Amino acid sequence: MKLNLKIWRQKNKDSKGKVHDYELDGVEEDMSFLEMLDFLNNKLLNEGQEPVAFDHDCREGICGSCSLFINGVAHGPERGTTTCQLHMRKFKDGETVYVEPFRAKAFPVIKDLIVDRSSFDRIQQAGAYISVNTSGNTQDANTIPIPKHNADEAFNAATCIGCGACVASCKNSSAMLFTSAKVSQFSLLPQGQVERESRVLNMVNQMDLEGFGACTNTGACEAQCPKGISVKNIARMNREYLLASVKK
Amino acid sequence: MDNGLKMFSINELAEFLNVSKKTIRRHIASGKIESTKVGGVHRISMNSINSFLNINKDIAQVDANINKELLRKALTNDAHKKNLFPFESRVPEGKMEDKWNNHKRKINLVSPANKRLIDVIVVGTGLAGASASATLAELGYNVKSFCFQDSSRRAHSIAAQGGINAAKNYQGDGDSVYRLFYDTVKGGDYRSREANVHRLAEVSTNIIDQCVAQGVPFARDYGGLLDNRSFGGVLVSRTFYAKGQTGQQLLLGAYSAMNRQVNRGKIKMYARHEMLELVIVGGKARGIIARNLITGKLERHSAHAVVIASGGYGNVFFLSTNAMGSNVTAAWKIHKKGAYFANPCFTQIHPTCIPVSGENQSKLTLMSESLRNDGRIWVPKKKEDVKKILEKKLKPTDIDESDRDYYLERRYPAFGNLVPRDVASRAAKERCDAGYGVNKTGEAVYLDFQSAILRYGKEQAYSKGLDVKNNSLVEKLGKEIIKQKYGNLFEMYEKITDENPYETPMMIYPAVHYTMGGVWVDYNLMTTVPGCYAIGEANFSDHGANRLGASALMQGLADGYFVLPYTIGDYLSSDIRTGKISIDTKEFEIAEKEALRKLSFFIDNKGSKPVDYFHKKLGRIMWDKCGMSRNKLELKDAILEIKKLKKDFYKNVFVPGELYDYNEELAKAGRVADFIELGELFARDALEREESCGGHFREEHQTKEGEALRDDENFNFVSAWEFKGSESNPMLHKEKLIFDSVELKSRSYK
Ligand SMILES: Cc1cc2nc3c(=O)[nH]c(=O)nc-3n(C[C@H](O)[C@H](O)[C@H](O)COP(=O)(O)OP(=O)(O)OC[C@H]3O[C@@H](n4cnc5c(N)ncnc54)[C@H](O)[C@@H]3O)c2cc1C
Ligand code: FES
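So the sequence lines, in the order shown, correspond to chains R and B. So the numbering used here is basically just the index in the first sequence, starting at one, shifted up by 3. So the numbering used here is basically just the index in the second sequence, starting at one, shifted up by 18.
One or more hints might be untrue.
What the hints assert, rightly or not - Cut-off 20 angstroms, straight-line C-alpha distance, at most; resulting in silico cross-link-like pairs (PhoX-like, lysine-lysine):
| # | chain 1 | residue 1 | chain 2 | residue 2 |
| --- | --- | --- | --- | --- |
| 1 | B | Lys627 | R | Lys46 |
| 2 | B | Lys405 | B | Lys458 |
| 3 | R | Lys46 | B | Lys624 |
As the list claims (entries may be wrong) - Going by beta-carbon spacing under 10 angstroms, a handful of chain R positions derived as facing chain B:
| # | residue |
| --- | --- |
| 4 | Lys16 |
| 5 | Phe42 |
| 6 | Gln52 |
| 7 | Ile117 |
| 8 | Tyr132 |
| 9 | Asn140 |
| 10 | Asn159 |
| 11 | Cys163 |
| 12 | Gln188 |
Keep in mind the hints are simulated off the structure, nothing from the lab. Please read these numbers as outputs of a predicted model, since none were measured by experiment. Glycine residues also receive a C-beta, built at the ideal position from the N, C-alpha and C atoms.
Using the sequences and the hints, build the whole thing.
Here it is in structure tokens:
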């Protein structure tokens, strides 16, 4: 099939970018969206031009490297799917497809479709851990049974891949879903109790410092999260935060 | 005359240096000698000749230093006098079960106050690198960690699906440290170092304790205790898991441990950085040259020791289940600086991957081995059924039980669908080569969940007091259980293939997945370059010729949490008075120039073909001639073809853009250059190993039934290759393997 691609090109963080038009023929249904971009890049390279830069690594929907705003939707039209897992059979012959980077103040563009998401790492560094050293004589893993339901809920929250779709989809560029997923995981586990309060305070504080916006409960983040992370986590984090602030 | 201005022709220069014209041309082509073209004729300035001679001299000096150190080691070693392996494996004395504890007791320690004076570089933030970085920092060392992704959390380990082994025996099914040790040695077809494997089995239990303490949400049963599943090649349930995302959960655990240390200022994280050279000072690894992938700038980083945790090199095949960026560069660069490379041809081809669908495919997707717990593998018994399936006149579900060939259950009744990976992969290839492949390429077999769906459905109906004879109800209940266990894998399959695996069997075929070979290390995980260590998939040590499922995660975390942080102290204890390592030295300058020269070459090259063109070609050669089965003729051919490809690559590769800028093509070019060199060594290693063992199947060496035929008399060794310069052949050293605790037997899963 043939596509009219409208792709954001930007040399570096200081330059101004703009949308470029590419006509691409010979796209196959079995290609993933990123393979379609590979295909375009191969064509550009054969013409001696610079390829379109985009982030990617695992191409299995798990590393969280890939991003892209496709026709105005983070990770494109298929729900619960990362861009690397999106296949061209979801598009029509002759369709016009807009491809842009994830946009947010806290995600500056590095080049073309690549953005800087290191703000996410800094939120995690502020408190997303349990302070336990590797000693080799930690207590046996089965000493504390954890109710299956809590373990499963903690797991569900922990499946966040840190791609940033929640931020890109939110009109306020809020990072609440991302931050709350981690806060929830630890608050649901017995191991996470000791640092429960300092964790939520520090992480939320860092989130604000990075310039992410406030949450106004639009739910866009959950709708466009490729891993279906639930907004229940945000409610849980709000509770945790309130409790911790009161106790402070 | 001003020497700086005199220009030489190729003829004059050849005469002046007393070498052939060809040599000069080659150096010009490779960028070692800079030349300007005047009227289409090469002109070389005295300055560029000087810098060429100088660089070479400096490099020769550094090489001489390395060699001196190697020689010193070799001479202090009795083995050398007997003309054996020139390096000690440093396996401690004593009974197998006491070795590690004795060793830990005797190892030199660095006091907490002194650790603060010592810097360690860790290249890689996968399970091995992240766990090592975190633990080293906890102990008090100053750690600098590097990864090429935009965050350490995205390392390739994140994609591991199925699980991690540990000898906890929570299921009470007779598991023990010894059994895990034995299974791993046997699974590896008796080509691993016994003492390393035993240590791995010993620390495996600590890993689970550690991860749970960090908040890793493993799967649990209704009693709240940890659940287990089975993996191939074993008869117990010892695999811990977090649905199909075990690697993700373990890596995020290690990432959180790293974050804690970043927050304390003990780890400095360099994401989007790629190591391009190792720096050796006075015979010891003292730093690296890394390229900042955003600005393109080269940076010098010094440390008292360098740990390579850069993962495996499966992408030498182009198509593999590895992440797109996984590469051999870090391992290859240290190899070229003196680290031996062990068993490069030992590759794991995983039996259950989604088959190749088209020309533009960029990678292959694994369907976790855990699926073989419940999935049954088959092809039709009759060729006419195969034909009808291809013509879409028949669906797999239409084929009668009696017309299906469950070939693994038929050939290996004891282990059935859970035979080790190498065995399962070869059996699939055998059926497909015989014409029973079930997709248009002829390279696919079925993985069928129908029996499991019915079995689980009946169990559920029974325990809920519902009608066991109601087929649609039973199926519905069964599918729910399958969904709970493998939901995300089924979803992934459907996204890629557009087929619903709850309704029709999956189609699968073997694909490159893991590399058992890697940098040679001693018992302390140190390479043959003093102060340079290799951990995780990057080293060769624990899996022999075939890795068992769920053992890579175990090894990565064992190396990083429980082994390296202690064994490295033995070496660093002599460094407490060294002080900071300066980066303003000749050695750093030369290494930086080397890296720069290679990068500039690609930017300046006037080729026309993109990097991927060459990578795909290399992959084709590797898959066709060094893949699931190998023979002498084709391996020799592969070596020649790779040599040709190398020439073509340097002549015709096109890299757009600029050096000091974000430039993915440039990064890829460097990686493919190293893959090409590794590919040649790989083929050479496969050629030399005149036996079949594990993943290495030589057609000349098989039993009548087509099973692998090992040759313990002549090949019971680790092949450790020494780099001898790009103009000469590498040298093979053999580390003899000694089996004290396990009897050398032929492997049988029948
Ligand atoms: C799809 C899939 C599923 C798997 N499932 C399982 C499983 O269920 N159980 C199991 O035990 N094993 C599994 N494995 C194998 C296992 O995941 C890997 O062997 C293991 O994760 C490797 O970990 P590592 O830390 O050695 O390297 P990696 O995780 O590969 O990390 C390499 C790191 O090195 C960095 N790096 C590389 N080169 C450079 C450089 N030049 N400069 C700077 N940084 C560099 C990368 O950025 C990365 O951080 C699976 C593998 C695949 C492909
Ligand atoms: S590339 Fe890893 S999630 Fe898409």
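Tested hints:
no.	hint	result
1	Lys627(B) <-> Lys46(R)	11 angstroms, holds
2	Lys405(B) <-> Lys458(B)	10 angstroms, holds
3	Lys46(R) <-> Lys624(B)	18 angstroms, holds
4	Lys16	9 angstroms, holds
5	Phe42	6 angstroms, holds
6	Gln52	7 angstroms, holds
7	Ile117	7 angstroms, holds
8	Tyr132	4 angstroms, holds
9	Asn140	8 angstroms, holds
10	Asn159	9 angstroms, holds
11	Cys163	9 angstroms, holds
12	Gln188	7 angstroms, holds
Every hint from the earlier list agrees with this structure, and none is contradicted.
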